[in-house]
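Once you have looked at the hints, place chains B, C, D, E, F, G and H with the ligands on chain A.
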Amino acid sequence: MRHEVLFSGFGGQGIILSAVILGRAAAIYDRKYAVQTQVYGPEARGGASMSAVVIDDEQILYPEVSNPDTYVIMSQPGYDKYGAGARDDAFVIYDKDLVFSKPSCRNLPVPATQTAKELTGRTIVANIIMLGAVVRSSGIVSEEAIRKAVLDSVPKGTEDLNLKALNAGFELGAKDSQ
Amino acid sequence: MRHEVLFSGFGGQGIILSAVILGRAAAIYDRKYAVQTQVYGPEARGGASMSAVVIDDEQILYPEVSNPDTYVIMSQPGYDKYGAGARDDAFVIYDKDLVFSKPSCRNLPVPATQTAKELTGRTIVANIIMLGAVVRSSGIVSEEAIRKAVLDSVPKGTEDLNLKALNAGFELGAKDSQ
Amino acid sequence: MPSVSEWYRADRMPHIFCTGCGNGTVLNCTLQAASDMGWEIDDTVFVSGIGCSSRASGYTAADSLHTTHGRALAFATGVKMAHPEFNVVVFTGDGDLSAIGGNHFIHACRRNIDMTVICMNNMIYGMTGGQGSPCTPRGAFSTTTPYGAQEPTFDLAELAVAAGANYVSRWTTYHVKQLTDSIKTGMETPGLSFIETMSQCPTSYGRKNKLRQPLDMIEYLRDHSILISKKRRLEAEGKVIPDTTFAVGEFVRRSRPVMGLKR
Amino acid sequence: MPSVSEWYRADRMPHIFCTGCGNGTVLNCTLQAASDMGWEIDDTVFVSGIGCSSRASGYTAADSLHTTHGRALAFATGVKMAHPEFNVVVFTGDGDLSAIGGNHFIHACRRNIDMTVICMNNMIYGMTGGQGSPCTPRGAFSTTTPYGAQEPTFDLAELAVAAGANYVSRWTTYHVKQLTDSIKTGMETPGLSFIETMSQCPTSYGRKNKLRQPLDMIEYLRDHSILISKKRRLEAEGKVIPDTTFAVGEFVRRSRPVMGLKR
Amino acid sequence: MKLIIDESRCKGCNLCTLVCPYKIFREGSRLNEKGIVVPEFNGPERCTNCRLQKLYGRRLCGMCQLTCPDQAIKWVEEERFEDMKVVIEY
Amino acid sequence: MKLIIDESRCKGCNLCTLVCPYKIFREGSRLNEKGIVVPEFNGPERCTNCRLQKLYGRRLCGMCQLTCPDQAIKWVEEERFEDMKVVIEY
Amino acid sequence: MQGNIACAEGALAAGCRFFGGYPITPSTEVAEHMAKMMPKVGGVFIQMEDEIASISSIIGASWTGVKAMTATSGPGFSLMMENIGYAAITETPIVIINVQRGGPSTGQPTMSAQGDMMQCRFGSHGDFSIIALTPSTVQEMYELTVKAFNLAEEFRCPVFLMSDETIGHMRERIEIPDSVDVVNRKELEKGKLPYETDADNPVPGFPTFGHGHRVHVTGLTHDARGYPDTTNHKTHSDLVRRLVGKVESKRHEIADYDIAGTDAEIVFLTYGPATRTVRQIMKDSPDLKIGHINLRIVWPFPENVLKEFPNAKVFIVPEMNMGQIGREVARHTPVKVVYLPKLGGDMHTPQDLMEAYDREKALIGGGN
Amino acid sequence: MQGNIACAEGALAAGCRFFGGYPITPSTEVAEHMAKMMPKVGGVFIQMEDEIASISSIIGASWTGVKAMTATSGPGFSLMMENIGYAAITETPIVIINVQRGGPSTGQPTMSAQGDMMQCRFGSHGDFSIIALTPSTVQEMYELTVKAFNLAEEFRCPVFLMSDETIGHMRERIEIPDSVDVVNRKELEKGKLPYETDADNPVPGFPTFGHGHRVHVTGLTHDARGYPDTTNHKTHSDLVRRLVGKVESKRHEIADYDIAGTDAEIVFLTYGPATRTVRQIMKDSPDLKIGHINLRIVWPFPENVLKEFPNAKVFIVPEMNMGQIGREVARHTPVKVVYLPKLGGDMHTPQDLMEAYDREKALIGGGN
Ligand SMILES: Cc1ncc(C[n+]2csc(CCOP(=O)(O)OP(=O)(O)O)c2C)c(N)n1
Ligand SMILES: Cc1ncc(C[n+]2csc(CCOP(=O)(O)OP(=O)(O)O)c2C)c(N)n1
Ligand code: SF4
Ligand code: SF4
Ligand code: SF4
Ligand code: SF4
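Chains as they are written, first to last, in this note's numbering: chain A, 7 to 184; chain B, 7 to 184; chain C, 146 to 408; chain D, 146 to 408; chain E, 37 to 126; chain F, 37 to 126; chain G, 7 to 374; chain H, 7 to 374.
If we strip away everything but chain A, and leave its shape as in the complex, we get:
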């Protein structure tokens, strides 16, 4: 079955890294097929950033997301551009500190940036919190796989910080989505 997950937010929030980690979890640790793609502005920050992962049991031909079933949104412009058009049976998970619209489909607001700030004093791990939340609430990859993929992908010395964030995300994801 083909899953299409779309991440969107500001440049600098780690939107691309999130997708990379999810793709890695699926491809390497869950042994599925996964293709990760992205769109980003030339500017490192400030601009809108979008990345996506397609996960499938079969080989993936057309690699772009055309109709995502899962959205991870971390900015209002990102929501307006992508999340707002989500199909009815999609699942939208968003940072409630940064997205103020309310999706009509199934959704889960997560206080990721706030939690990151509280947890670590820095907002930089908000994306990992979102990842934890989306994995727990969608089951798109196994939690073991995402944990390993996070550990693979983050800079040396920040493993603990990121695992803490991931676990916080798992917990936030556990809360029933609306």
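None of these hints come from the bench; they were simulated from the model.
Accuracy of the hints is not assured; some may be wrong.
Result set (DSS-like, lysine-lysine): computed pairs, CA atoms no more than 27 Å apart in a straight line [stated by the list, open to error]: (1) E:K70 <-> E:K110; (2) E:K70 <-> C:K355; (3) F:K59 <-> D:K322; (4) G:K46 <-> B:K154; (5) A:K123 <-> A:K102; (6) G:K313 <-> H:K342.
Label-pair distances were calculated between CB atoms; the ranges are [said to hold, decoys possible]: (7) C:L379 <-> E:I40: 39 to 49 Å; (8) A:K108 <-> E:N78: 34 to 44 Å; (9) G:K198 <-> A:L157: 55 to 65 Å; (10) E:G93 <-> A:P161: 50 to 60 Å; (11) A:P161 <-> C:V385: 31 to 41 Å; (12) H:E309 <-> F:S44: 47 to 57 Å; (13) H:E309 <-> B:G91: 37 to 47 Å; (14) F:E43 <-> H:G197: 29 to 39 Å.
The structure displayed is predicted, hence computed values, not measured ones.
Here a beta-carbon is modelled for each residue, glycine too, at the ideal position from N, C-alpha and C.
Same frame as chain A, now just chains B, C, D, E, F, G and H with the ligands:
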């Protein structure tokens, strides 16, 4: 009637300038059509240099010389490459200090370099001597035209020197060609 | 005489520079100097190459030419030689100016064309995500110097002096007042004025070199700069100056022959 | 150890240089120095760009790379970095090196790559028939400066110093012994050695500047050179040195960090 | 005159907290709509520029404005009634 | 040893006439096959290098050879019988 | 007058007042003549440090409202490729003279060739379009240079005079008219956005620097205001289609050619020197049925011209390259295309063409 | 693994031991990975001052016998044009990676495109030929990079991996084989001249520097000894014909493609990303009669592949450019060619292709 005149010698002898002057004499002062072309090595000196003028009463379409009727040759390699293949009714005029072969067609050996050295202490005007000689002995352009064209083309301050050389050339050209 | 705020292109703000990027500061100082000069906006042309720093031209209200990578000075030469009445200011980065653009840099200095060149030297390629530049300090990390930079670095100000520019100075984004004054002096000096600003790129340089916070980076710049007069004195005294420091101040102010002067 | 005559590529002689062209002299001095160094021909690579001077590489018996205009140093960087065991010598002209090739020049100096760069500075573009170069003296005539050159000129040796080369000297084709010794010192010095030779182009430079005879030109070079030690002394004394003279001698010999050293 | 930080431009770099000689900026704590923590004022009345600019008819300091990379710091005219609060500290 | 000018290479620049400290080259007068006037020797026996090179086992001067841009100047072994002619002048 | 000098004179007549160049055989005489003339007409001649700087300088100059050009040959042309694209996307009117010599690389610096014909169309990255003119006489060196400037102004794109060593160094008499038709810079109307266009007017007015337009010019994909807009698919697609379309859609109006012998079965298509040779054989053998297309503008390629030869059984395309414009002919016609490459520096001789003619004649069969 | 990383890994597996480059989006990851890996395998990574220097350095390195490559994108690619010709005429094996982005000029730096396909073939002055490979998967980024090195050694010419942002930045799982087939430098036999060739062996052996060949390498037209011979027509003509012929005459052996649905009337010809889309619609609509040609090597163009589709009524060529390889198709077939440009950064969607299919189907008429 189409005339094809081919000049050849070492780079640095003024082979191209000779053709330019002849062409200018024909086109500007004799009001004929003339096209001047050339082949030269990348090196300023030492290499072989070839230039040509086509003179015609009608507009000149194909501009290259294909079968020259007049040759002005100032080096042995130039002779070997071009002069040696002259057609039987061609006229070959050559610097006898620098060309040691004997053409079989009508020809005129001219001690141009030697004369230049004697006349001016420098060999640099040898080409103008050759020009004088070829004009006098072939009548391809008028002597008035060539005189004006020489004056047009040489650096300021060297006019007298060059006219002297041209006149010397006229005299050498007067001698019967063989 | 336009006020300084008129020199900004309001409909393009906010700009794309990252949080704490020094480019915005250099832009401020430059426009302040232009305003202090009493220049007219319509007599002024900003030219730049490609890079984060080179985006600065687009945030000025004047006519501006955002060119190709490294070529700003060659384009600016065309602008200024064709129309010497313009005030021409060039924004460039260390990569744009000294890597791909090095040749135009030394030739513009040699020709001593009457314009003001402002280099935001953040010691890295910011726009492309943090590769080493000819100005990356030895030992510093970047995505193309994963084991610490090994190549010797340029001293851009010294190069400009040797190449022939009439006015050469270096400051940092911490020294906003001195920088503004220096840019103004450059604008006043006939011939090519080269003002190098050591500037922070927290995103690309800071991240790789434990200076992730803008504050850390600007403090680094402040703490590693040494007045050129002091440096020369110490050198004359035979003292060793750590090679992580860089001289700031005026390197040269002179009046060699100039091209492109206003008629 | 090959004798000096073995260093010439016999089957290509005579070369294409004009009567009295200084390039042949510089070639002699270089090959003499290589021979004095005791180098092996097969361990040596000559690299050059495009121009009369750049043809010199083809008259050496060693492997040689006659590249594109201005790029010799970039190619040489590849050769030397890929295979540091080679002795790499670069022949270049003032146009090749300092006009189109200026960027590779300053970067090779900055990197301080262990090679010997010999510039035959004839103050003109010889190969293309005598256009002005960045080294054409102000006021001198050429086909592109029909009213006398107006642009300020480069001091290539000073530029090499500012860019970072470990060894920099300048001589003329009149100073064949000093030149040979200097090239040898350059070859011995680790890092980039830049030896600038003021050289005569009677055909293109001489013809336009009343120095048509090779003898006139070489005498001009002799008479306009001044030892750098003397020049510095005079300068220190506040004496004015006519700007038609140029300093000869050793500009710098130092031991900054080097790239591409033999392993 | 009064100093303001334009929240729509500030990116939260905190450089202003470093450069102000009167230390009138301090790190903020509140996340704004863009997820940015904008600095807060800490005794802004100490700023000579705010208070004396009009009096002297020229800019007295302006380090924060010149430094702010995001053109977020500006002086605006004050409401009349604030005139009373002038306090200068050194 | 004996100095020769290789006529097939000499282009007649006359630089050798300038650089030789013993002035053993002088401008020639004869035009050769290529239209070039090759310099002539003028008391070549004065050249220390010709005479003493073998004795000292090394090059003594060689300015002309190093300067000749056309690699036209060379030392060759002399015929035996010329041994007698050694004359050194200063 | 020499071809290269005629070119420089044409430029001056067209109003060129800025020349930025770098010497290279066989185009150098253009620069040298400009160096001599520019001070006399109050223009600027500057010898830049290389060809990249040369084209940069003329683009910069053009934005000040001045007509500007450069001249080069193969190696220098290759170096200009990046900024040719910049001129295209910023829609800067510039003229580039390429006096072609033998390539690839340094190749044959002093010999003639036409090896850069595809390069002038496709040598820079990305899609856009350009105009390329091809003189076959010294007179045309003059006239087509004037025309190049006019087209540059009209279409706001890089315009190339793709000449060659043969014509560039050829000397023949030319007639210089007392005055020439000149198209001048069309200034942007006040109130319009710098890159505001519509279907009927795909070429925007020019916001000259210093005239108060306060324009931002960028090589990034930009919107009608000229502001970067680099991730919007439509902005980019619209821009590129317009850059290509403004030239390509007008290709039959831009077209400049002569045709002869439209009822022939054997048709020569030429540009540059070979045009002269075809005319020579047509003159020498007036009885032969020879069709001839002489293109004075090769890009955009005016493919409709091929339809003027309804009986054509073969198009013979003599080029001083391995067959570059011949490819374009082949793309547009089902008729057989014979490539007639000539390499090494010589132009096609009458014999070359007659042999090709005879060969094709024999294949076609039938009477004359 | 990311496409660009797969490319770098492929290069290392093929034996690349010298990388000279300059950063540019979206190819930078290739350089960054090389910076990390080269020290580990005893190779050299050097970041040069620009792209001209980058390609210069790898040509220099190649002459020392080392396999060398560079990686770039549009603007940097344009700057390499002059020295691509130099590599061609000196017959230097080098590999150039171009991860294409939206042009012209700085254009869309972060968006995908295929706008440099004609440029890689014709972007340098003069005539010569090259080989260009086009991956459509991350796996192929690896495999075709290996192949690029092998072809460079075999044909001694510049070989291009013409990828794009889509594939370069795409991440998918790949299988890295334990070992790959590698072609090594074929040293010149002692006693042979450096450029001595004959009809059967148009590619001379390589006279590696330092191996005693004492070769003179020049970008001038040269004879079999490698010595400049720049005014001899035959030397030049023979050299250029050999440079072109050694690749073009082998084009059907070099060819690397897949075909499907050879009996179809509607045939898609693709390379790069669109290959995936065609496969997607073929998978989604197995009942439709769709022909498909996927080219892994576009240059030299293997025109015989078109003949594998005897029923073809139309070739649809979806490209992320204005139709570049489509031109080549049109040149070789009388069958209708439909250009399907997609600009702005997105690859063709299944809908794009289905619409084109339906449109053509309707025009052709008849049942399925
Ligand atoms: C010809 C070319 N090569 C490479 C690039 C990619 N590129 C864009 S910006 C840049 C570096 C900019 O560095 P710098 O000038 O220091 O500016 P910063 O972004 O650090 O302000 C590079 C390499 C390009 N646009 N064009
Ligand atoms: C890219 C490029 N531009 C221009 C040229 C033409 N060109 C060949 S040599 C030369 C100048 C050489 O001058 P210099 O290096 O001073 O050498 P010289 O001939 O004076 O020894 C030029 C401009 C070229 N070959 N390639
Ligand atoms: S990447 Fe660096 S230079 Fe670029 S905008 Fe960000 S902080 Fe500034
Ligand atoms: S043109 Fe000048 S530099 Fe070139 S060979 Fe002749 S004298 Fe030497
Ligand atoms: S300096 Fe400017 S952008 Fe930075 S925190 Fe202060 S007000 Fe905000
Ligand atoms: S220096 Fe050499 S080339 Fe010149 S005249 Fe003397 S022998 Fe002949």
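Here is how each hint holds up against the structure:
With a CA separation close to 20 Å, the supplied pair K70 of chain E and K110 of chain E stays within the 27 Å bound. The hinted pair formed by K70 of chain E and K355 of chain C meets the criterion: a straight-line CA distance of about 25 Å does not exceed 27 Å. Taking the CA atoms of K59 of chain F and K322 of chain D, the gap is about 18 Å. The hint holds against a cut of 27 Å. With a C-alpha separation of about 26 Å, the suggested pair K46 of chain G and K154 of chain B falls inside the 27 Å cut-off, and the hint holds.
With a C-alpha separation of about 14 Å, the suggested pair K123 of chain A and K102 of chain A falls inside the 27 Å cut-off, and the hint holds. For a cut-off of 27 Å, the pair hint linking K313 of chain G to K342 of chain H stands: about 18 Å separates their Cα positions. Between L379 of chain C and I40 of chain E, the C-beta spacing of about 44 Å keeps the proposed range 39 to 49 Å intact. Between K108 of chain A and N78 of chain E, the C-beta spacing of about 37 Å keeps the proposed range 34 to 44 Å intact.
Taking 55 to 65 Å as the suggested C-beta distance range, the pair K198 of chain G and L157 of chain A conforms, at roughly 57 Å. Range check, G93 of chain E to P161 of chain A: Cβ separation about 53 Å, and the 50 to 60 Å hint holds. Hint check: P161 of chain A to V385 of chain C, Cβ distance near 35 Å, so the stated range 31 to 41 Å holds. Taking the beta carbon of each, E309 of chain H and S44 of chain F are about 54 Å apart, inside 47 to 57 Å as hinted.
At about 43 Å, the CB distance of E309 of chain H to G91 of chain B agrees with the hint of 37 to 47 Å. Between E43 of chain F and G197 of chain H the Cβ separation comes to about 34 Å, which falls inside the hinted range of 29 to 39 Å.
Consistency with the previously given hints is maintained throughout, with no hint failing.
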